[in-house]
Amino acid sequence: MQDNKEKLVQWQKELDKTRARFPERKEKFQTSSEIPLETVYTNLDSPVDAQDLDLPGEYPYTRGVQRNMYRGRLWTMRQYAGFASAQESNKRYKYLLSQGQTGLSVAFDLPTQIGLDSDHSLSDGEVGKVGVAIDSLADMEVLFQDIPLDKVSTSMTINAPAMVLLAMYLAVAEKQGVDWNKLQGTIQNDVLKEYVARGTYIFPPESSLKVITDIFAFCAEAVPKWNTISISGYHIREAGATAVEEIAFTLANAISYVDTAIKAGLHVDEFAPRLSFFFNAHSNLFEEVAKFRAARKLWAEIMKERFGAENRKSMLMRFHTQTAGSTLTAQQPDNNVVRVALQALSAVLGGTQSLHTNSRDEALALPSEDSVRIALRTQQILANETGVADVVDPLGGSYYIEKLTAEIESKVKEMLNKIDDMGGAVAAINSGYIQRQIQDSAYKHQMAVESQDEIIVGVNKYEIQEDHQPDLLTVDPAVQDSQVKRLTELKANREQASVDSALEAIRQAAVREENLFPPVLDAVRAYATLGEICGVLRDVYGEYQARDLI
Amino acid sequence: MAPIRVLIAKPGLDGHDRGAKVVARALRDAGMEVVYTGLRQSPEQIVQAAVQEDVRVIGLSCLSGAHNSLFPKVVKLLHEKDSADIKVFGGGVIPDADIPGLLEAGVEAIFTPGTSLDKIVQQIKESAGNA
Amino acid sequence: MPNWQRQLARSITNLEANPEIIKTLANYPLDNASTHVIGVTGPPGGGKSTLCSQIIQHLAADHKVAALLVDPSSPYSGGAILGDRIRMQNLAGHPNVYIRSLSNRGNTGGVSRSLVSILRMLMHYGFDYIVVETIGAGQSEVKIASIADTTVVVAVPNLGDDIQAFKSGIMEIADVFVLNKADLPGIDALYTALQESAQREKDGWVTPLCQTVAVQGKGIEQLLAAFAKHRHWLNQQDRLLEKRKQAAKFEVMELSSYMLQKHLDKLPADILAANLSKGEFNLFQRLDAAYAEIAKSLGEV
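In order, the protein sequence lines correspond to chains Z, Y and U.
Residues in the first sequence are numbered from 1 upward in steps of one, following my numbering.
Residues in the second sequence are numbered from 1001 upward in steps of one, following my numbering.
Residues in the third sequence are numbered from 2001 upward in steps of one, following my numbering.
Just chain Z, with the same shape it has in the complex:
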């Protein structure tokens, strides 16, 4: 050992001589989280005791949640999609399934995500733009037309009104004759991150947490295979956070959800197995891999030590990953294919359960059919041609990766302690602490780009005179008109009395703090609209007033 240390010191001296003669490319080398990087890592850096045997599928699951990971089953290739009308989106889903996609991921438009119908004044110009417009069960039925819900797993990116959309999905399954305990999928249902990074909140935090725990309780019984939450770091990262902050804030939110559910009387092992996560696959390859490994370890330990979970399933951090949209450029968009491939690689090396790869034109619009096909092929090439799926945690044991994993773990712990001291995630959000951290990191990053400390190829270096942009997907503004028309027809044809009494039942349940899921299901079956149902809840809970600080 001493011999090796001396060797290293000697080596460093020689290196210093070299560096004196040939200055390095940068003053200092660091990751996005400002973790300083050595020139090289050796076994002297390894935090892993040579005597310990670290295995995948064994607590604390640093190396993976299953013993044989992708050798048993590849990650789910799940491309987020949806736009315009339910009919259009249904077509796109069928296309993706035919091209080899293995799970569906539904993107809803902003009015739907915010619990507004397509005819609301604030919906103007937004209908069908960033996802599919769903105003009622009628639209949901069209969305999943000819798609067997017992054969396909569906992830729905919906948060504040998640209960309503899930209720619609369950109603569609009913109509297809599919038993609810066969249904597999996820609802994002993570409202805490909305307040700090994504903006599609409706109600204030406390009431939102109540709705979330209602969903946990209902699904634990009625839809046992359903992932009732996808606690997200993706958006937090996109909003400007570093890798460490991404994990820290996500875990802080996760801890809040678990706390709330336990306070509501649920036992941790009852609902924890169905918690899932959603992370970002960003540009610094090794930092990302280390990040995923550290996250798994941290979560396992939190569940076991902090919450006393006993079921091993409660300790497994299963996650979906999406490649980082904010790194894609409008300039030379074909370069984005390369970026996405490398980011996807980090997710696979990091052991993700499912993956969405962005399309090359995403800095400009929703993806065209060609672009989304390339994104899917990227995953298929990774899976079939590169061999990276043939061994579990292939980078495990790399001195660098192990050291970086340990660093990230320790920095995240520090941040979690800080948030604990503040009183937890909700308190940190209410005080603006999390928002400020994210914005500061975002600003720092932008400054680095402006000063060229950070290079974005094609944007601040290697620029060209740009050609006209490739053919982009456009959403026909007529979608708005046709949705509004559909709404009018729906309201004319449904039985108004059942709708009214169903909405009243929701109001009563909300006021009495009973589980909202059953009355929401009834309302959905009666073809109450999303806006009507959320309107009742807005009345009872009020709307969240953003506390914006810059």
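Each hint should be verified, as a subset may be incorrect.
Said to hold, decoys possible - Straight-line distance between alpha carbons at most 20 Å, and here's what the computed EDC-like set of lysine to aspartate or glutamate pairs gives:
1) Y:K1081 to Y:E1108
2) Y:K1073 to Z:D481
3) Z:K28 to Z:E14
4) Y:K1125 to Z:E450
5) Z:K491 to Z:D119
6) U:K2218 to Z:D539
7) Z:K413 to Z:E301
8) U:K2229 to U:D2128
9) Z:K444 to Y:D1029
10) Y:K1073 to Z:D119
11) Y:K1073 to Z:D476
12) Y:K1073 to Z:D124
13) Y:K1119 to Z:E450
Said to hold, decoys possible - Not close to chain Z: a few residues of chain U, all C-beta gaps over 10 Å, as computed:
14) L2030
15) N2096
16) H2232
17) Q2236
18) L2241
19) L2255
20) S2257
21) Y2258
Since the hints were derived computationally from the structure, they do not count as laboratory data.
These numbers were taken from a predicted model, which means no experiment stands behind them.
In this text, a Cβ means the ideal position worked out from N, Cα and C, and glycines have one as well.
Got chain Z sorted already, so can you dock chains Y and U onto it with the hints?
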């Protein structure tokens, strides 16, 4: 020299405010007074704020694809309120193909993804100077 | 939205940019008793903005209300982020409400030097209430007390500030105390701690201690009643007139120091320094003599 007053606003339902906030900060660091009105602003609210705050420039940020209806609406309302001298800039996820239409509708300029903060600051300074 | 708002907005910009415009404000008196000026201050995190928003919303039902929201400017660039308006954007279209965000333009004390001039302008436009939300960063942001008719100090439990801190400086300026976020733990401790100072009597006015939960609109009615009571008290024995005179004095003090600085600032540092060390008739003696002369001549008016 009195600081230039600017309104940064997010019309419509888009909740991605990273860019808007970074720009607001940059303008502040360049000596401007920046009124930031947060998320979910209707064109009416934006124009009302712009007039009451007597800003020279409005910066609109939209990443949801709703820019073609929302940006021109803001310009139109400014005209109706006898405030066409307030210049409107836009940014966000806006394809090149939409830019001519927006300029024709009276938007001063569109800052597409990747535009440097320096450029934005300069252009706003020039625009405000020409009031 | 009527055009007068555009005109008013422009006038305020001009006032801020060019305080010399005070010369024309001889036509805009400050002693207008039909306007009630309410200044709201207190440490950050106290929910001042939300509280002001609630106050304005209630008052705007039957009155014309103006709101001036002050945020600090950056000492480096002189720029500012003016974000208080966010809490009030739901009032943006209200026909009775005018909202304006201001920076303190580098002035300490919580408000900018042109604030009183802006108040004159607003009174001229016939507002029934003017709510001024100041920066309440610390103990020194108390200038509002020299300007407003009713000074409101907003405190919250568990802000991390020692309760002791409340017992000096900022406490003394309060005409009305508000304990906001009254649903939080620690409210009782804070209430007890403040009662001592709050119940002090000054010239016949006993500072009331109001509890609110601004975010839920609770306690606002009682708060407005406290304002009305204070106003009634001010209307007796010419107290309001006296306050407005103090505000005018404050305005003069601010603007005269601005004028002096404006001229001195034009001179290079070494000339100022040279004049300092002049011995017999140095810069300070000259200023002293000149101003004594001016003050004397004012007394003769």
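Quick rundown of the hints versus the structure:
1. Y:K1081 to Y:E1108: holds (18 Å)
2. Y:K1073 to Z:D481: holds (18 Å)
3. Z:K28 to Z:E14: It holds: about 19 Å lies between the C-alpha atoms, which stays within 20 Å.
4. Y:K1125 to Z:E450: holds (18 Å)
5. Z:K491 to Z:D119: Satisfied, since the Cα-Cα distance of roughly 12 Å is no more than 20 Å.
6. U:K2218 to Z:D539: holds (17 Å)
7. Z:K413 to Z:E301: Within the cut-off at roughly 11 Å; holds.
8. U:K2229 to U:D2128: Holds, at roughly 16 Å.
9. Z:K444 to Y:D1029: holds (13 Å)
10. Y:K1073 to Z:D119: Holds, because 18 Å separates the two Cα atoms, which is no more than 20 Å.
11. Y:K1073 to Z:D476: Since the Cα atoms of K1073 (chain Y) and D476 (chain Z) sit roughly 18 Å apart, the hinted pair holds (cutoff 20 Å).
12. Y:K1073 to Z:D124: Status holds; Cα separation ~11 Å.
13. Y:K1119 to Z:E450: Judged against 20 Å, a Cα distance of about 10 Å means the pair holds.
14. L2030: L2030 (chain U) clear of chain Z: closest Cβ-Cβ about 34 Å, beyond 10 Å.
15. N2096: Fine: 21 Å to the nearest Cβ keeps N2096 (chain U) off the interface.
16. H2232: The assertion about H2232 (chain U) holds, with a minimum of 33 Å to chain Z.
17. Q2236: holds (39 Å)
18. L2241: Answer for L2241 (chain U): holds, closest chain Z Cβ roughly 39 Å.
19. L2255: Non-interface label on L2255 (chain U) holds, nearest chain Z Cβ at 31 Å vs cutoff 10 Å.
20. S2257: At about 31 Å from chain Z, S2257 (chain U) clears the 10 Å cut-off, so the statement holds.
21. Y2258: holds (29 Å)
The structure agrees with every numbered hint stated previously.
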